[in-house]
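Since the structure of chain A is already known, use the hints to place chain B on it.
One letter stands for each residue in the lines below.
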Amino acid sequence: MGSLIEPPQRADGERADVASPLEPPPPVRRIAVDATPRRVSSPPAGASAEPVRRRQPTTGVRERMRLEHLTIRYGEKVAVDDVSLPVRQGEVLALIGPSGCGKTTLLRSLNRLTELTPTASRDGVISLDAQDVEALEVTDLRRRVSMVFQQPNPFPMSIFDNVAYGLREQGTKRPGRAVLAPQVEEALRRAGLFDEVADDLAHPALRLSGGQQQRLCIARALAVRPEVLLLDEPCSALDPRSTQTIEELIVRLREDVAVVIVTHNLQQAFRIADHVAFMYLGELVEYGPADQVFGAPRAKRTREYVAGAFG
Amino acid sequence: MSALAKPAPAAAPRRRRRGTESVRSWALRDRIGLGLCWAAGIALCAICAAILIFMAVKGLQYLRLELLVTHPLPDLDQSKSGGFLDPLIGTFMLTVIGIAIALPVAVGIAVWLHEYGRPSWLARTVESGIEVVAGTPSIVLAIFGLIIFQQHVFGFLSFTAQGDAVFGRSFLTAGAMMALLALPLVVGATREALAAIPAHVREASYALGKTKAATIRRVLLPGARKGIATGATLGMGRIAGDTAIVVILLGASLQMQHGDGPPGYRVLSGTGSTLTTYVFNNSPAGEGASPEKAYAAAFVLLLIVVLLNFAVGALGGRERRVSWGR
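Chains as they are written, first to last, in our numbering: chain A, 1 to 311; chain B, 1 to 326.
Hints listed in this document are in silico derivations from the structure and should not be mistaken for laboratory results. Accuracy of the hints is not assured; some may be wrong.
One side of the interface only, derived from the structure: several residues of chain A facing chain B at Cβ under 8 Å [as the list claims (entries may be wrong)]: (1) Thr117; (2) Thr119; (3) Val133; (4) Leu136; (5) Arg143; (6) Met147; (7) Phe149; (8) Pro156; (9) Tyr165; (10) Gly166; (11) Gly171; (12) Cys217; (13) Ala221; (14) Glu227; (15) Ala237; (16) Leu238.
A virtual CB, placed ideally from N, CA and C, is assigned to each residue, including glycine.
Same shape as in the complex, but just chain A (with noise of 0.2 Å):
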């Protein structure tokens, strides 16, 4: 790492401005477990300006969650308004819109997440596989329907004890290590991180890179084997390399997980998502296939939405 911070030794003038020795270096977030660092590099081959469609289509497409006419406030503040959608497994769904329109209140309240804030009530029906999650015991419910959030949040534990964390009994450190490691090795894998931290399993996972963090977050919620897989902004906090790895890793996961992602970012949304859910101030204003959504929107607010009239 120093080698790259340290401004060069020259008596060159110019150069002592650019990187000047009594310049603090820039802050250094994370520290980095992983291999040689990397020097940026120019895209990969092929590529051209216009986003690339990461998703090959899937078979045996289902449906696993419904909300009907879902409406949340908080207070007296509507943040989501009547809104009915479908999640379906085999397919990745991207909610998209700006800022302060309810996305993320929405996502959180599939895992009835949203009744952490005291203020917020919420009208209408959310069905996992045709059963009201209301009936469902709250743990259970999210053990099925798993959340990622937009910082890297892995726990201040082990690499393996972070992937163990879910399947372990409610506080204890019971079943041991013997038992969990081909679980946890398992979600490490479909997580894309294994080869990355196999010898150091046994690492506090806090001193990973934030792309690392992140898919260990991924893996986390993937040892518990959920159904539907929740994700707020999980690549707006990483840097382009580790966003497109989890992309990728995104769409592999759909084949067997229902994936809703919540993004800002309209071009990320084009690459992963099959169906793309407009929402703007707490409405649903569109909610159909990618490529309609964004070849041929129906609404004026997603036209508008989508070539960037507003954000």
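For chain B alone, coordinates are given in the frame of chain A:
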């Protein structure tokens, strides 16, 4: 880069100044203010250095190894009055007892205040309670403790004299009051550490189907561990340095005296002293006339407290290195 590679000869090597603003452009009033701030900081460093150097010189001059390993003896001839082994052991014992009582209670209070805190009137009451305890002079706590622990119910904590009078003074009773001294420091540090864990970390645990209790046990307490350790170390420094409670509730006896109860427990229910009372009793200000031993003991005490403070610094330094994004 290549376009910039050839600098014009006129552009001699320039050095960029870090500060863009010079004090010369300040108003006189602000310059005086800045000067006073500098002076205050430097004066504090000087005082601190003076204490350390003076105590080190005086202490090392009189400190002998046998002082640390011999029991103190009541003898007017100072060459026969022994060392301060008992006060040294007393300091360690009292610190450990005090923090052992304070730590679980304080962490419990902090977790409840930060993670639950409902109903809010109760949380406010608890907060003011902590502030009252933190603001109470230790001599008041000591007197209060003496009244409480001389009740018959607490007779097992010290020893009962003939005629059924409870003595009320022992390591256990003093430790209990010392715990009150450490409590606010541990509560504060733990709450701060819990507040430093962002909400999304808790939600990530809930999102894996974990209960709040499991989240506190497996995520929040490990995450706050360094803050808790910092608070505990500060609290231990506070206990090691207190005098009033030792004088009133530990008996400040020269040697450790055993109390009632089974072996082992007798030490805890017995009386003793700490380095603070030893210094007081041997200094010219107290009843003793052995300033040499007072200096030596004071130096050892200072060393213990300074080392505890360094331990806090080391813990805090490590804590800042890894954390979550907001």
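Which constraints among the numbered hints does this structure fail? Numbers only, ascending. Hints 1, 2, 3, 4, 14, 16 contradicted; others consistent.
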